[in-house]
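Q: For reference, the chains in residue letters:
Number of protein chains: 2
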Amino acid sequence: MKVIIVGGVAGGASCAARLRRLDEKAEILMVERGPYVSYANCGLPYHVGGSIEKESSLLVATEQLFRNQFAIDCRTNCEAISISPEKKTIELKNHITGEVSTEKYDKLVLSPGAAPIRPPLPGIDLPGIFSVRTVPDARHIREWLERDSDRNEVTNPYSGIDTVSKPKRAVVVGGGFIGLEMAENLVHRGLEVTLIEKLDQVMPPLDREMARLVERYMTKHGIHVELNDGVAGFRKSAKGSLEVLTESGKAHPADIVIMAIGVRPETALAKSAGLEIGKRGGIRVDDQMHTSDPDIFAVGDAIEVKDFVTGQWALIPLAGPANRQGRIVADVIAGRNAHYRGTQGTSICQIFDATISQTGVSEKVLKQLGDTDYEKIYLYPNSHAGYYPGAKMLIIKVLFRKSNGRLLGAQVLGEDGVAKRIDSFAMAIQMGCTIYDLEESELSYAPPYGSAKDPVNFAGMVAVDVLNGDMPLTHWDNLGDGFLLDVRNPQELAVESVPGALNIPLPELRSRIGELPRDREILVICRSAQRAYYATRILLQKGFKAKNISGGMLSRSHCSQD
Amino acid sequence: MKVIIVGGVAGGASCAARLRRLDEKAEILMVERGPYVSYANCGLPYHVGGSIEKESSLLVATEQLFRNQFAIDCRTNCEAISISPEKKTIELKNHITGEVSTEKYDKLVLSPGAAPIRPPLPGIDLPGIFSVRTVPDARHIREWLERDSDRNEVTNPYSGIDTVSKPKRAVVVGGGFIGLEMAENLVHRGLEVTLIEKLDQVMPPLDREMARLVERYMTKHGIHVELNDGVAGFRKSAKGSLEVLTESGKAHPADIVIMAIGVRPETALAKSAGLEIGKRGGIRVDDQMHTSDPDIFAVGDAIEVKDFVTGQWALIPLAGPANRQGRIVADVIAGRNAHYRGTQGTSICQIFDATISQTGVSEKVLKQLGDTDYEKIYLYPNSHAGYYPGAKMLIIKVLFRKSNGRLLGAQVLGEDGVAKRIDSFAMAIQMGCTIYDLEESELSYAPPYGSAKDPVNFAGMVAVDVLNGDMPLTHWDNLGDGFLLDVRNPQELAVESVPGALNIPLPELRSRIGELPRDREILVICRSAQRAYYATRILLQKGFKAKNISGGMLSRSHCSQD
Numbered sequence: 001m002k003v004i005i006v007g008g009v010a011g012g013a014s015c016a017a018r019l020r021r022l023d024e025k026a027e028i029l030m031v032e033r034g035p036y037v038s039y040a041n042c043g044l045p046y047h048v049g050g051s052i053e054k055e056s057s058l059l060v061a062t063e064q065l066f067r068n069q070f071a072i073d074c075r076t077n078c079e080a081i082s083i084s085p086e087k088k089t090i091e092l093k094n095h096i097t098g099e100v101s102t103e104k105y106d107k108l109v110l111s112p113g114a115a116p117i118r119p120p121l122p123g124i125d126l127p128g129i130f131s132v133r134t135v136p137d138a139r140h141i142r143e144w145l146e147r148d149s150d151r152n153e154v155t156n157p158y159s160g161i162d163t164v165s166k167p168k169r170a171v172v173v174g175g176g177f178i179g180l181e182m183a184e185n186l187v188h189r190g191l192e193v194t195l196i197e198k199l200d201q202v203m204p205p206l207d208r209e210m211a212r213l214v215e216r217y218m219t220k221h222g223i224h225v226e227l228n229d230g231v232a233g234f235r236k237s238a239k240g241s242l243e244v245l246t247e248s249g250k251a252h253p254a255d256i257v258i259m260a261i262g263v264r265p266e267t268a269l270a271k272s273a274g275l276e277i278g279k280r281g282g283i284r285v286d287d288q289m290h291t292s293d294p295d296i297f298a299v300g301d302a303i304e305v306k307d308f309v310t311g312q313w314a315l316i317p318l319a320g321p322a323n324r325q326g327r328i329v330a331d332v333i334a335g336r337n338a339h340y341r342g343t344q345g346t347s348i349c350q351i352f353d354a355t356i357s358q359t360g361v362s363e364k365v366l367k368q369l370g371d372t373d374y375e376k377i378y379l380y381p382n383s384h385a386g387y388y389p390g391a392k393m394l395i396i397k398v399l400f401r402k403s404n405g406r407l408l409g410a411q412v413l414g415e416d417g418v419a420k421r422i423d424s425f426a427m428a429i430q431m432g433c434t435i436y437d438l439e440e441s442e443l444s445y446a447p448p449y450g451s452a453k454d455p456v457n458f459a460g461m462v463a464v465d466v467l468n469g470d471m472p473l474t475h476w477d478n479l480g481d482g483f484l485l486d487v488r489n490p491q492e493l494a495v496e497s498v499p500g501a502l503n504i505p506l507p508e509l510r511s512r513i514g515e516l517p518r519d520r521e522i523l524v525i526c527r528s529a530q531r532a533y534y535a536t537r538i539l540l541q542k543g544f545k546a547k548n549i550s551g552g553m554l555s556r557s558h559c560s561q562d
Numbered sequence: 001m002k003v004i005i006v007g008g009v010a011g012g013a014s015c016a017a018r019l020r021r022l023d024e025k026a027e028i029l030m031v032e033r034g035p036y037v038s039y040a041n042c043g044l045p046y047h048v049g050g051s052i053e054k055e056s057s058l059l060v061a062t063e064q065l066f067r068n069q070f071a072i073d074c075r076t077n078c079e080a081i082s083i084s085p086e087k088k089t090i091e092l093k094n095h096i097t098g099e100v101s102t103e104k105y106d107k108l109v110l111s112p113g114a115a116p117i118r119p120p121l122p123g124i125d126l127p128g129i130f131s132v133r134t135v136p137d138a139r140h141i142r143e144w145l146e147r148d149s150d151r152n153e154v155t156n157p158y159s160g161i162d163t164v165s166k167p168k169r170a171v172v173v174g175g176g177f178i179g180l181e182m183a184e185n186l187v188h189r190g191l192e193v194t195l196i197e198k199l200d201q202v203m204p205p206l207d208r209e210m211a212r213l214v215e216r217y218m219t220k221h222g223i224h225v226e227l228n229d230g231v232a233g234f235r236k237s238a239k240g241s242l243e244v245l246t247e248s249g250k251a252h253p254a255d256i257v258i259m260a261i262g263v264r265p266e267t268a269l270a271k272s273a274g275l276e277i278g279k280r281g282g283i284r285v286d287d288q289m290h291t292s293d294p295d296i297f298a299v300g301d302a303i304e305v306k307d308f309v310t311g312q313w314a315l316i317p318l319a320g321p322a323n324r325q326g327r328i329v330a331d332v333i334a335g336r337n338a339h340y341r342g343t344q345g346t347s348i349c350q351i352f353d354a355t356i357s358q359t360g361v362s363e364k365v366l367k368q369l370g371d372t373d374y375e376k377i378y379l380y381p382n383s384h385a386g387y388y389p390g391a392k393m394l395i396i397k398v399l400f401r402k403s404n405g406r407l408l409g410a411q412v413l414g415e416d417g418v419a420k421r422i423d424s425f426a427m428a429i430q431m432g433c434t435i436y437d438l439e440e441s442e443l444s445y446a447p448p449y450g451s452a453k454d455p456v457n458f459a460g461m462v463a464v465d466v467l468n469g470d471m472p473l474t475h476w477d478n479l480g481d482g483f484l485l486d487v488r489n490p491q492e493l494a495v496e497s498v499p500g501a502l503n504i505p506l507p508e509l510r511s512r513i514g515e516l517p518r519d520r521e522i523l524v525i526c527r528s529a530q531r532a533y534y535a536t537r538i539l540l541q542k543g544f545k546a547k548n549i550s551g552g553m554l555s556r557s558h559c560s561q562d
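Protein chains in written order, with my numbering: chain Y, 1 to 562; chain P, 1 to 562.
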């Protein structure tokens with residue numbers, strides 16, 4: 001059996017290695033258009049930033065390793081240019097020699113990835129405008145950042161970084177993972193960075209009110225964040241640097257521009273072979289990664305996946321799923337019964353000292369689907385016991401089904417303990433967990449790591465209180481004409497108060513309950529919604545209509561309508 | 001309805017607060033023998049060590065807070081001395097006034113905790129021998145450490161720490177959580193620390209071969225670890241300091257001794273009331289925390305719990321379970337249908353820069369139960385992408401059912417990313433996860449946090465390969481008379497080699513396969529068992545009998561029989 005794999009990075013390389021382990025006799029040919037296989041594209045921003053110093057660190061496995069260790073015919077600089085599904089042949093072009101050859105396959109695996117979107121804007125081809133996809137891309141960015149433009153040559157990266165002629169101002173176009181990581185890494189290199197995003201938020205997998213906090217954090221760290229403004233074009237300024245022109249008419253000066261407005265599945269080859277393409281533009285596959293041709297498989301960023309939670313087709317370009325898909329194809333080719341479960345969209349991103357993460361579905365996506373069978377909560381627990389040094393506030397949003405308590409999604413931000421929590425939520429979603437399970441889950445606790453009630457337990461407890469009716473909930477963007485009751489202490493109100501709210505500190509509530517109206521819905525406010533929960537319980541039991549405002553004052557600044 | 005809660009720390013305080021939220025009308029009386037309620041006993045070692053500076057930081061909620069915020073009659077220094085289940089009364093003694101009173105209850109909740117075991121050894125009452133359970137315990141230890149013994153008075157904690165008369169040598173008796181945390185914290189204070197443990201390992205929840213690594217790590221950090229030696233007594237030395245005498249006849253000089261040999265459920269009150277006590281010595285409860293008297297509940301360290309994985313009764317004193325049990329009692333008293341699921345034993349411990357963690361069942365416990373339907377694997381993955389700075393090796397042991405793949409337990413050690421992984425495993429076990437689920441789980445990945453195949457995925461993949469028969473496995477303590485094949489490179493063998501093993505580097509295996517015997521079981525070795533896995537796959541497909549040695553050379557030093 002001869003298997004040809006097109007694309008030698010995450011999904012392709014994973015498939016090739018696994019297939020060799022399962023089938024020592026299979027003839028395996030893996031071709032990669034670029035100069036490297038199995039390189040760490042997730043590391044590229046950090047190589048640009050300098051925390052990964054050596055380019056060679058990014059090369060996880062080499063062509064030679066695939067040949068020697070796996071007996072795989074591995075060819076770099078070799079592009080698949082057309083497929084004949086009827087003849088089961090593929091045409092390959094060697095980019096070094098220019099030679100074109102035709103190879104027969106029994107099974108073909110497509111793992112071409114996705115290409116950075118590069119819209120045909122005026123000036124897009126000016127020098128100094130880069131994408132970040134490949135090792136050479138990162139190399140070119142580094143060279144550009146290290147150049148001495150007066151002498152128009154590449155200088156020592158660490159010698160003259162402060163000379164006048166070095167790039168000083170960067171514009172990053174696009175506020176997704178790569179955009180954020182590049183923005184941070186360019187700040188680390190000493191550049192003044194502007195991030196331009198056409199949408200009304202950065203980090204599209206997050207809900208907008210959570211992204212607000214990311215934007216503020218970036219601003220606090222010196223990044224100029226410009227939302228709701230698309231790029232209209234680029235031009236060379238009088239001084240020889242670039243200008244990024246936006247749809248709103250602004251011109252942002254830039255010595256370097258990073259284009260990171262997203263990726264588009266590489267489907268040209270699949271289309272030329274007549275393979276079915278999904279509505280979202282990715283190659284359509286079944287749960288064994290078969291394309292519409294049973295002898296051709298596809299994996300990775302080029303395909304559409306089923307969203308694990310919603311069951312909808314989606315484009316979710318992530319390394320973990322690509323690797324698992326590659327393994328599944330190898331299993332299927334080797335005659336095993338493997339199935340892909342769908343993609344949850346678990347992701348995580350470092351930005352300065354903070355971590356941004358999410359798993360499962362966002363509220364935005366639920367709304368797009370017209371799904372109203374959900375509730376949401378906001379929590380602001382400590383990352384670990386508050387009495388142990390270094391505790392930081394976590395910011396957590398959890399979405400769950402109103403009808404059955406199933407956990408739908410979680411978004412976690414913070415400067416400590418984020419990965420611990422998002423992975424608990426991610427594993428929970430994978431296992432079909434409900435909020436009742438979250439409440440009872442037994443997570444690790446010692447003062448440096450968590451609390452006896454871990455934030456994940458705490459999320460379950462709060463959610464259960466909501467579903468049980470113990471704690472009716474409302475949100476800052478939906479206060480209606482409720483009567484506002486603030487149960488914080490007067491000292492807290494001195495810092496920030498809510499106009500029109502009556503203040504009765506919680507310890508006085510029982511004795512002053514006569515001050516509250518019985519004919520209106522009472523919306524209770526405190527710092528984090530904990531004391532407001534206690535107050536809500538008192539009020540409900542005393543016959544009042546009461547709701548807690550989720551997340552309390554900590555939610556107010558980012559969850560209120562703006 | 002009147003509810004009396006005996007014990008105002010984790011389980012009791014949690015129950016009291018929850019009950020008030022559920023029932024505004026209930027009369028709630030919470031009594032605590034000691035001077036503080038709801039204090040952070042998990043923080044005591046860190047207060048001794050100084051990283052938690054203020055004693056007041058340990059007081060999570062005060063008596064006053066319970067009174068004012070929760071309208072709970074909260075009494076400290078108040079001990080329950082007897083119960084009359086027939087009359088439904090309890091006798092309380094006020095330790096300040098000496099007054100004894102009798103209170104009637106409708107429901108009684110016992111949360112008395114567990115007391116440090118203090119065996120009646122010769123000299124046990126000598127000054128300078130401490131337990132670590134309460135805030136006053138920690139205070140007395142600090143005072144002792146800060147005293148100037150020549151002047152026999154307490155000195156400023158931070159002025160004269162290096163004077164000759166300060167305690168310099170500590171002996172910690174017992175190698176469990178508290179013992180380890182105390183040992184570390186005493187090292188931080190500049191003491192020379194000896195840890196004495198009667199068992200053949202520290203950290204009893206870990207398997208012995210995993211504990212080996214902890215012991216080495218402690219030794220590396222200057223702690224003298226003495227295993228297999230019990231304490232026989234204490235005496236005052238000629239110089240006025242202490243000596244700890246052991247069963248083996250040693251005498252360890254000590255200026256301070258910390259007794260941390262475990263805790264014993266406080267069952268005196270329960271016994272006096274005729275409540276059923278389990279075989280392991282804890283109060284017996286059902287899954288709604290009822291004792292044998294339907295109006296008396298018990299929670300926390302004083303009770304026996306069902307082990308979540310094995311279903312056996314066990315004593316597992318942990319703060320998280322105690323808190324959840326307290327909530328469940330409140331729910332049940334309030335007429336709700338809440339049930340406790342059992343305790344997994346998820347725990348985590350910091351020791352210098354390392355983290356030690358476990359969840360679910362250990363191999364030791366499976367062996368004690370005569371359970372042979374399990375397999376184990378050892379893994380040594382990076383905590384995050386190796387090319388990103390700061391990656392550290394994780395040491396992972398995973399136990400799973402041979403018959404159905406169910407995840408039974410995990411032990412994770414390392415200096416980075418441990419909590420992220422143990423919580424994934426913990427959530428997985430709570431949800432009845434199999435190794436097939438682990439393989440497909442979608443955990444967070446970006447270079448600073450993990451790998452595209454997270455260590456938890458990787459554990460699933462390896463385990464599935466074992467159960468599928470793709471990778472027959474053996475272990476260093478069970479090599480039998482297999483033929484040893486080492487597939488590492490010669491440079492690696494120069495550092496450490498296995499006597500009698502034939503070396504064929506993996507890339508040469510296919511061409512040199514004729515050198516291997518067909519009539520013997522070939523046991524394959526490499527550094528981490530990854531290349532050995534590739535080799536095993538080649539050998540099996542070429543008709544050899546082959547097994548991988550789990551964990552490779554990285555397992556050898558701690559998993560070989562000693």
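No wet-lab data here; the hints were simulated from the structure. Among these hints, one or two may not hold up.
No copy labels: a pair is met if it fits in one copy or bridges any two.
[Stated by the list, open to error] Pairs of lysine-lysine residues, derived as DSS-like cross-links and limited to a Cα-Cα distance of at most 30 Å, are as follows: (1) Lys-402 <-> Lys-364; (2) Lys-198 <-> Lys-88; (3) Lys-93 <-> Lys-107; (4) Lys-239 <-> Lys-306; (5) Lys-198 <-> Lys-107; (6) Lys-25 <-> Lys-542; (7) Lys-88 <-> Lys-271; (8) Lys-545 <-> Lys-250; (9) Lys-236 <-> Lys-542; (10) Lys-271 <-> Lys-542; (11) Lys-168 <-> Lys-279; (12) Lys-250 <-> Lys-271; (13) Lys-367 <-> Lys-236.
Q: Which holds for Lys-198 with Lys-88 at a C-alpha limit of 30 Å: within a copy, between copies, both or neither?
A: Cα proximity of Lys-198 and Lys-88: none, with 43 Å in one copy and 69 Å across.
Q: Please sort Lys-271 with Lys-542 into within, between, both or neither, judging by C-alpha distance up to 30 Å.
A: This pair counts as neither: shortest intra-copy Cα distance 67 Å, inter-copy 40 Å.
Q: At most 30 Å between C-alpha atoms: does Lys-198 with Lys-107 qualify within a copy, between copies, both, or neither?
A: neither (42 Å within a copy, 61 Å between copies)
Q: With identical chains, the pair Lys-93 and Lys-107 could be close in the same copy or across copies; at 30 Å between alpha carbons, which is it: within, between, both, or neither?
A: within (19 Å within a copy, 81 Å between copies)
Q: For Lys-236 vs Lys-542, is the C-alpha pair at or below 30 Å within one copy, between two copies, both, or neither?
A: Classified as neither: same-chain Cα gap 70 Å, cross-chain 64 Å, threshold 30 Å.
Q: Can you give me the call for Lys-239 and Lys-306, within, between, both or neither, at a CA distance of at most 30 Å?
A: Answer is neither; intra-copy 50 Å and inter-copy 75 Å both fail.
Q: Give the relationship of Lys-545 and Lys-250 under a CA distance limit of 30 Å: within one copy only, between copies only, both, or neither.
A: This pair counts as neither: shortest intra-copy Cα distance 50 Å, inter-copy 71 Å.
Q: When no copy is specified for Lys-168 and Lys-279, does a C-alpha distance of 30 Å or less occur within a copy, between copies, both, or neither?
A: The answer is neither: 42 Å in one copy and 73 Å across copies each exceed 30 Å.
Q: When Cα atoms must be at most 30 Å apart, do Lys-402 and Lys-364 count as within-copy, between-copy, both, or neither?
A: Intra 17 Å, inter 43 Å, cutoff 30 Å: intra-copy only.
Q: Is it within, between, both or neither when you check Lys-88 against Lys-271 at 30 Å Cα-Cα?
A: within (15 Å within a copy, 80 Å between copies)
Q: I want to check one pair: Lys-25 and Lys-542. Are their C-alpha atoms no more than 30 Å apart within a copy, between two copies, both, or neither?
A: between (76 Å within a copy, 10 Å between copies)
Q: At 30 Å max between alpha carbons, let me know whether Lys-367 reaches Lys-236 within a copy, between copies, both or neither.
A: So Lys-367 and Lys-236 fail the 30 Å test inside a copy (42 Å) and across (74 Å) alike.
Going through the hint list in order, the structure does not satisfy hints 2, 4, 5, 8, 9, 10, 11, 12, 13.
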